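S.K.: Following the hints, put chains B and C in place on chain A, whose structure we already have.
Next come the chains, spelled out residue by residue.
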Amino acid sequence: MTSPNTPLPGQERYVAPVEETPLHAVDAIDENAPATSMWADAWRTLRKNPLFIISALVILFIAFVALFPRIFTSVDPNYCTLDYSRNLPSAGHPFGYDMQGCDIYSRVIYGTRTSLTVGIATTLLVIIFGGLIGAIAGYFGGWVDALLSRLVDIFYAVPLLLGAIVVLQMFRTSTSIWKIVLVMAMFGWVSIARIARSSVLEAKNLEFNTASTALGSTPARNLFRHIIPNALAPVLVVGTTSLASYIVLEATLSFLGLGMPSGTVSWGGDISSAQTMLRTQPMILFYPSVALAITALAFIMLGDAVRDALDPKSRTE
Amino acid sequence: MTENTNIPAPLLEVKDLQVEFNTSAGNVKAVRDATFNVYPGQWVAIVGESGSGKSTSAMAALGLLPGTGHITGGSIKLEGEEISHYTPKQFEAIRGLKMGLVPQDPMSNLNPVYRIDAQIKESLIANNIDITREQRIALAEGLELTAAERAAKENVHDADDELFLGSAQREELLAAAKEAGKEIVSEEDMKFWEETWTPGSVTRWNVRHDMIQAGISDPKATEIAAKYVTGSTMADRIAGLLDEAGLPDAAMRARQYPHEYSGGMRQRALIAMGLAARPRLLIADEPTSALDVTVQKRILDHLHTLTDSLGTAVLFITHDLGLAAERAQHIVVMYKGQIVESGPSLDVLQHPQHPYTKRLVSAAPSLASKRMESTKERAEVHTKQAEAGHPENVNDTIISVKNLVREFKVPGRKELFKAVDDVSFDVKRGTTLAIVGESGSGKSTVANMVLHLLDPTKGTVTYEGQDIHSFDAKQLLDFRRHVQPVFQNPYGSLDPTYTIFRSIEEPLRIHKIGDAKSREARVRELLDMVEMPQSVMGRYPNELSGGQRQRIAVARAMALNPDVIVADEAVSALDVLVQDQVLHLLNDLQAERGLTYLFITHDLAVVRQIADEVVVMQHGKLVEHATTDEVFNNPQTQYTRDLLDAIPGGKLELGLDM
Amino acid sequence: MWKYFLRRVLQMIPVVLGTTLLIYALVFALPGDPVVAMFGDKPVNPTIAAQIRAEYHLDQPFIIQYLYFLKNAFTLDFGNTLRGGRPVIDVMAAAFPVTIKLGLMAFVFEGIFGVIFGIVSGLKKGKWYDSVILIVSLLLISVPTFVTGFLMQYFLGVKWRIFPVTAGANPGFIDLLMPAMVLGSASMAYIIRLTRTEVASNRTLDYVRTARAKGLSNRKVITNHILRNSLIPVITYLGADLGALMGGAMISERIFNINGIGNTLYKGILQGESNLVVSIVTVLVLIFVVCNLLVDMLYAVLDPRIRYE
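Protein chains in written order, with the numbering used here: chain A, 1 to 317; chain B, 1 to 658; chain C, 1 to 309.
Errors might be hidden in some of the hints.
Capping the alpha-carbon separation at 25 Å, the derived lysine to aspartate or glutamate pairs in DMTMM-like fashion look like this [unchecked claim]:
id: 1; chain 1: B; residue 1: Lys-336; chain 2: A; residue 2: Glu-12
id: 2; chain 1: B; residue 1: Lys-29; chain 2: A; residue 2: Glu-20
id: 3; chain 1: B; residue 1: Lys-414; chain 2: A; residue 2: Asp-145
id: 4; chain 1: B; residue 1: Lys-336; chain 2: A; residue 2: Glu-20
id: 5; chain 1: B; residue 1: Lys-512; chain 2: A; residue 2: Glu-207
id: 6; chain 1: A; residue 1: Lys-204; chain 2: B; residue 2: Glu-569
id: 7; chain 1: B; residue 1: Lys-15; chain 2: A; residue 2: Glu-19
id: 8; chain 1: B; residue 1: Lys-358; chain 2: A; residue 2: Glu-20
id: 9; chain 1: C; residue 1: Lys-3; chain 2: B; residue 2: Glu-260
id: 10; chain 1: C; residue 1: Lys-220; chain 2: B; residue 2: Asp-130
id: 11; chain 1: C; residue 1: Lys-125; chain 2: A; residue 2: Asp-41
id: 12; chain 1: B; residue 1: Lys-29; chain 2: C; residue 2: Asp-206
id: 13; chain 1: B; residue 1: Lys-77; chain 2: A; residue 2: Glu-12
id: 14; chain 1: B; residue 1: Lys-474; chain 2: A; residue 2: Glu-207
id: 15; chain 1: B; residue 1: Lys-409; chain 2: A; residue 2: Asp-145
id: 16; chain 1: C; residue 1: Lys-71; chain 2: A; residue 2: Asp-153
id: 17; chain 1: B; residue 1: Lys-121; chain 2: C; residue 2: Asp-303
id: 18; chain 1: A; residue 1: Lys-204; chain 2: B; residue 2: Glu-543
id: 19; chain 1: B; residue 1: Lys-15; chain 2: A; residue 2: Glu-20
id: 20; chain 1: B; residue 1: Lys-358; chain 2: A; residue 2: Glu-19
id: 21; chain 1: B; residue 1: Lys-121; chain 2: C; residue 2: Asp-206
id: 22; chain 1: B; residue 1: Lys-29; chain 2: A; residue 2: Glu-19
id: 23; chain 1: C; residue 1: Lys-3; chain 2: B; residue 2: Glu-415
id: 24; chain 1: C; residue 1: Lys-3; chain 2: A; residue 2: Asp-153
id: 25; chain 1: C; residue 1: Lys-220; chain 2: B; residue 2: Asp-105
id: 26; chain 1: B; residue 1: Lys-409; chain 2: A; residue 2: Glu-202
id: 27; chain 1: A; residue 1: Lys-204; chain 2: B; residue 2: Glu-407
id: 28; chain 1: B; residue 1: Lys-336; chain 2: C; residue 2: Asp-206
id: 29; chain 1: B; residue 1: Lys-336; chain 2: A; residue 2: Glu-19
id: 30; chain 1: B; residue 1: Lys-89; chain 2: C; residue 2: Asp-206
id: 31; chain 1: B; residue 1: Lys-29; chain 2: A; residue 2: Asp-41
id: 32; chain 1: C; residue 1: Lys-3; chain 2: A; residue 2: Asp-145
id: 33; chain 1: B; residue 1: Lys-418; chain 2: A; residue 2: Glu-207
id: 34; chain 1: A; residue 1: Lys-48; chain 2: C; residue 2: Asp-130
id: 35; chain 1: B; residue 1: Lys-15; chain 2: A; residue 2: Glu-12
id: 36; chain 1: A; residue 1: Lys-204; chain 2: B; residue 2: Asp-455
id: 37; chain 1: B; residue 1: Lys-358; chain 2: A; residue 2: Glu-12
id: 38; chain 1: A; residue 1: Lys-48; chain 2: B; residue 2: Glu-543
id: 39; chain 1: B; residue 1: Lys-409; chain 2: A; residue 2: Glu-207
Honestly, the hints are just simulated from the structure, not real lab data.
It should be emphasised that the depicted structure is a prediction, and the values quoted were computed from it without experimental measurement.
Isolated chain A, as found in the complex (with noise of 0.2 Å):
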């Protein structure tokens, strides 16, 4: 009989060679490796991303078109004779023209603009007031958040289409793109607003806040420098793909009569009048809606790249 203290086979004392197992220093650091930010990992993620490569070159091909439209055609959109109405393409009208007899593609191309500006516009006027609401609720908490949370929960409960429309009926005789982007913008800063609130939320409540109050820091100055810089990303995010989001709706607005001011011109708008020519001319309708919809997925691409990057729980790829 063995002794209970007697190590069962495959159990014996085992030391392993010195020379195969060597020791590294504990808690060594890796001096080689490259510095990196929460900013520059993303980036040095998103670098390899075929989904950021592609939708950030379509944004600055699209930023281009929109700065410099002269360069890619010399037809002013404007020009419109009833004589061309329909017309098939022809060399240097590579799209053909539309109802007006406008030049499709001239219109395409200058109709980025305002697509692009609508979007961009909206986009920012959201992030900064609803950033900012957000931000002040999530950090001050109490009464300040329960009354900005109920304003927010008011605006939530007007869906962005339903209001922008009741809203924009009554400019309809006077509209401009800048009323455009304040209609979007009044019923789109919530959604950023909630996203900008659970984000300082969280961020007021990591230690290096408390540390930097420990330190010295005011309130403000954690505010500023830590809460802010923290919750930046997610805002930021939602903001990309909201982006897209404006872009669309704007078109959505100019399709019930409700976008653009005629003299401007806008995908939207030009996908609205082409409606009637469906049937019979449906390339008429093609052409802006495929530039729309281009633009709407590179943001809504650079979005989740964006994303992806920033947070790798929820990876798409």
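M.R.: Frame of chain A; chains B and C shown alone:
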């Protein structure tokens, strides 16, 4: 297989196991040539730091490697059968039934949307368990018995003897047993019956045995047991399993959701779940590392009794060498994916041979016996202080806490919750006072009040004789210069968007000290002080390990040349060796600069290494305050004794070769 | 749990008041005098105008007007349309059923297909059909609904004649099928994306591993643990979307010429029927708020942690 029944066959046989993960940076070998055995009924411990491959090895055996992990070589045999190439379907058949798991983090391992009973029931149903009777493991008890003896023993009771008591019959059984035992059985025995005859857990032969032990005749006892112990229902069995795992009020608690459980209770539920199908092998992956020491001890004690009675083998994964040695017969030490040393527990602990094991043994706080000696001369301070005109005075009080009370509102309750209840103590200049207590003891609340992060409801905190809560803004800023914190969470206390340089520089900026150039020089100096290369200045916290971040946090705290550092669980989240390193750093800094520490911790073992005086707190109250030696050698209260008792491996003799 | 429900209902009250006030203020801040508009091209008779003003409380301060509106709305008395003088409630009663039908069909469509595709995609990440599902859902989000509508109308209706091109006066199930698909398409895409992310991230959670370690079959792990938990946010989204669908029906109704509430609202806007517009929007917003409330309650039922907050 030989006919020699004295040497049993290993239950789990891992040989030259290799596990790799595919990452974007290429394949990473997580486990290299790991070889170890687990015998039936045995506790085997794998010890190692985070990233040593200890959990990965165990998960490979379960077929539950995370992400891209896969076995690239070697073999894993369970009961002699090669399982390393099993399909998911084949693994399903052996999981639960042959191998169970008690996972590490009790908070994330229970599905929040199901009641506890439903989650245990799943395990019973998935494995097709007969819930009416105990599934005792036919132990290869060859270590003690010959084949003939074993046969004789097995004949003692037939299958029906393993039937559980049902809750519906419990009262009748008790009444019948008491009736039969009238004037024979003592009160104590009857009380013992009431306490231990748990439906769904106690079996017919347990009951019979208990009655015979108490004096009832064998035929009578057999008759009563056979009549009333006739099997349990699902609900009984679930409650029985939870009860076996040490959960109080199991039948009622089983109907609750995980979020209504404390961490310890969840861990018990997970143990009940892991053992529900009576596996041959239980893999316990740091099952108690998230819990308070006393809870940890109780749960492990319980698990030990339970697995012993069932004959379950346990593969116990832990980072704590003391705990491993205390619980397991055989220890496997892993380091960077390789096994560096293995053997019988005490032998390894007392005669560590591999340099890594030696390092571990010498760093393990639970195995240390006295206060850390600083490598740097304490005398230095004395001369420095003498030069500065501060003759050292041991009785010089720097921080004084008097009758401190802090109450909190608890949502949904009228009365206030007293987190801190009348706590008083003095901290002497140049010494370390440790506040020890378990979660909820109020120790961190005291720290926050000392740091002026929280106002006391009653009582005062004085610094250099002044009440800190009466300070105006300017005085407060000055106070903050002198009293600095180091917080628990090395991942949370540094702003991830700040470079290391900015983090350390921040206090200098806040207090408007020096210009850009002198501040940079100071940051470099501080990095040297905490033994970090200056090249980390441009780095961000996410690139550093927990211990490195904690050293940065110490550097930040030292930036303003404070007198007092309040360290709130500053080393709790760190691996043993890293913890040891940070503790040495803190100790050296104290020796060099005459710093005063208020050290908040749940770990008494750490206290012995660093503290001069100890305050023990429980439920917001101060229960004991004495010098470290007195607390350890002559504890005055039961609570302190319990805490000391719970230090894993505290009573082991070791390190004879060192 | 009942306490939680009660609190949510009470919290809804200020939201409803605030939202109706907001809409009322917006609509009645409209330029132009509605009374003058009623006379159309005819000259304005001051006596009759004053009479009408008094009848509609237009001579009162704004806040009093709002309170009157609120009181009337509670008794389902939304007044009459400015042109034609039909009771607004009748107009709504005529238009709502078809929109509700349309909304429910869209809801079922997006729920079923969104969840199924999302689960398939989330469980089989990286497979070719995951990529296809992902790309299609991205397209549906980035193409405006009205373009999707036109395209479907053109291909499925005009070219291939699978579905009727327009719905007509009294649309049946088949007539509303394509409009419902159009209405639900963008939401379906969001649901696919949401379900996919949830399923994919829940797959790696600790309790899923624990469930596997218990010996549960793969099918059981997927249905009882991964899906059960993943679908909580999806159901929340779906519920909130039911309210939004009614409001969003306008586009689909315009394209397919359905005389639902969206079209009525659209025409009301064009004709400056402020009373009709404010009434319809109020009702739509109420539906939205109630749906959100129901979702919150459903959430509490589905996720036990919520109930005790």
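S.K.: Confirm or reject each hint.
M.R.: Status of each hint after checking the structure:
Straight-line distance between C-alpha atoms of B:Lys-336 and A:Glu-12 comes to about 22 Å, which keeps the hinted pair within the 25 Å bound. A hinted pair counts as satisfied when its Cα atoms are at most 25 Å apart, and B:Lys-29 with A:Glu-20 qualifies at roughly 15 Å. Taken as a hint, the B:Lys-414 and A:Asp-145 pair is honoured in the structure, with Cα atoms around 23 Å apart against an allowance of 25 Å. As the CA atoms of B:Lys-336 and A:Glu-20 are separated by approximately 11 Å, the hinted pair is consistent with the 25 Å bound.
Proposed proximity of B:Lys-512 and A:Glu-207 is supported: the alpha carbons are some 23 Å apart, at most 25 Å. Restraint check for A:Lys-204 and B:Glu-569: the C-alpha separation of about 20 Å stays at or below 25 Å, so the hint holds. Distance check on the hinted pair: B:Lys-15 and A:Glu-19 sit about 21 Å apart at the alpha-carbon level, within 25 Å; holds. For the given pair, B:Lys-358 sits about 17 Å from A:Glu-20 by alpha-carbon distance, which is consistent with the 25 Å threshold.
Pair hint C:Lys-3 plus B:Glu-260 holds up; C-alpha atoms about 18 Å apart against a cutoff of 25 Å. Simply put, C:Lys-220 and B:Asp-130 have alpha-carbon atoms about 20 Å apart, close enough for the 25 Å limit, and the pair holds. Of the pairs offered as hints, the one joining C:Lys-125 and A:Asp-41 holds, with about 24 Å between alpha carbons and a cut-off of 25 Å not exceeded. Among the hinted pairs, B:Lys-29 with C:Asp-206 is consistent with the structure: their alpha-carbon atoms are about 23 Å apart, no more than 25 Å.
Proposed proximity of B:Lys-77 and A:Glu-12 is supported: the alpha carbons are some 19 Å apart, at most 25 Å. Between the alpha carbons of B:Lys-474 and A:Glu-207 the distance comes to roughly 24 Å, so the proposed pair stays at or under 25 Å and holds. Distance restraint check for B:Lys-409 and A:Asp-145: the Cα-Cα separation of roughly 19 Å lies within the 25 Å cut-off, and the hinted pair is therefore satisfied. Simply put, C:Lys-71 and A:Asp-153 have alpha-carbon atoms about 22 Å apart, close enough for the 25 Å limit, and the pair holds.
About 20 Å separates the Cα atoms of B:Lys-121 and C:Asp-303, which keeps this hinted pair within 25 Å; it holds. Our distance criterion of 25 Å between C-alpha atoms is met by A:Lys-204 and B:Glu-543, whose separation comes to about 22 Å. At roughly 17 Å between alpha-carbon atoms, B:Lys-15 and A:Glu-20 fall within 25 Å of each other, so this suggested pair holds. Of the supplied pair hints, the one linking B:Lys-358 and A:Glu-19 holds, its CA atoms being roughly 16 Å apart against a limit of 25 Å.
Between B:Lys-121 and C:Asp-206 the CA atoms are separated by roughly 19 Å; this keeps the pair inside 25 Å, and the hint holds. The straight-line distance between the Cα atoms of B:Lys-29 and A:Glu-19 is roughly 18 Å, inside the 25 Å bound, and the hint therefore holds. Between C:Lys-3 and B:Glu-415 the CA atoms are separated by roughly 20 Å; this keeps the pair inside 25 Å, and the hint holds. Proximity of C:Lys-3 to A:Asp-153 is assessed by CA-CA distance (about 21 Å); at most 25 Å being required, the pair is judged to hold.
About 23 Å separates the Cα atoms of C:Lys-220 and B:Asp-105, which keeps this hinted pair within 25 Å; it holds. Distance hint between B:Lys-409 and A:Glu-202 is fulfilled; the C-alpha atoms sit about 21 Å from each other, no more than 25 Å. For the proposed pair A:Lys-204 and B:Glu-407, the alpha carbon gap of about 22 Å is at most 25 Å, so the pair holds. As the CA atoms of B:Lys-336 and C:Asp-206 are separated by approximately 24 Å, the hinted pair is consistent with the 25 Å bound.
Under the criterion of a C-alpha separation no larger than 25 Å, the hint pairing B:Lys-336 with A:Glu-19 is consistent with the structure, at around 14 Å. At most 25 Å may separate the alpha-carbon atoms for a hinted pair to count; B:Lys-89 and C:Asp-206 meet this at roughly 20 Å. Distance restraint check for B:Lys-29 and A:Asp-41: the Cα-Cα separation of roughly 24 Å lies within the 25 Å cut-off, and the hinted pair is therefore satisfied. Between C:Lys-3 and A:Asp-145 the alpha-carbon distance is near 22 Å, which keeps this suggested pair within the 25 Å criterion.
Taken as a hint, the B:Lys-418 and A:Glu-207 pair is honoured in the structure, with Cα atoms around 23 Å apart against an allowance of 25 Å. Straight-line distance between C-alpha atoms of A:Lys-48 and C:Asp-130 comes to about 20 Å, which keeps the hinted pair within the 25 Å bound. For the proposed pair B:Lys-15 and A:Glu-12, the alpha carbon gap of about 14 Å is at most 25 Å, so the pair holds. About 19 Å separates the Cα atoms of A:Lys-204 and B:Asp-455, which keeps this hinted pair within 25 Å; it holds.
About 19 Å separates the Cα atoms of B:Lys-358 and A:Glu-12, which keeps this hinted pair within 25 Å; it holds. This hinted pair checks out: A:Lys-48 and B:Glu-543 have alpha carbons roughly 20 Å apart, not beyond 25 Å. At most 25 Å may separate the alpha-carbon atoms for a hinted pair to count; B:Lys-409 and A:Glu-207 meet this at roughly 22 Å.
Every hint from the earlier list agrees with this structure, and none is contradicted.
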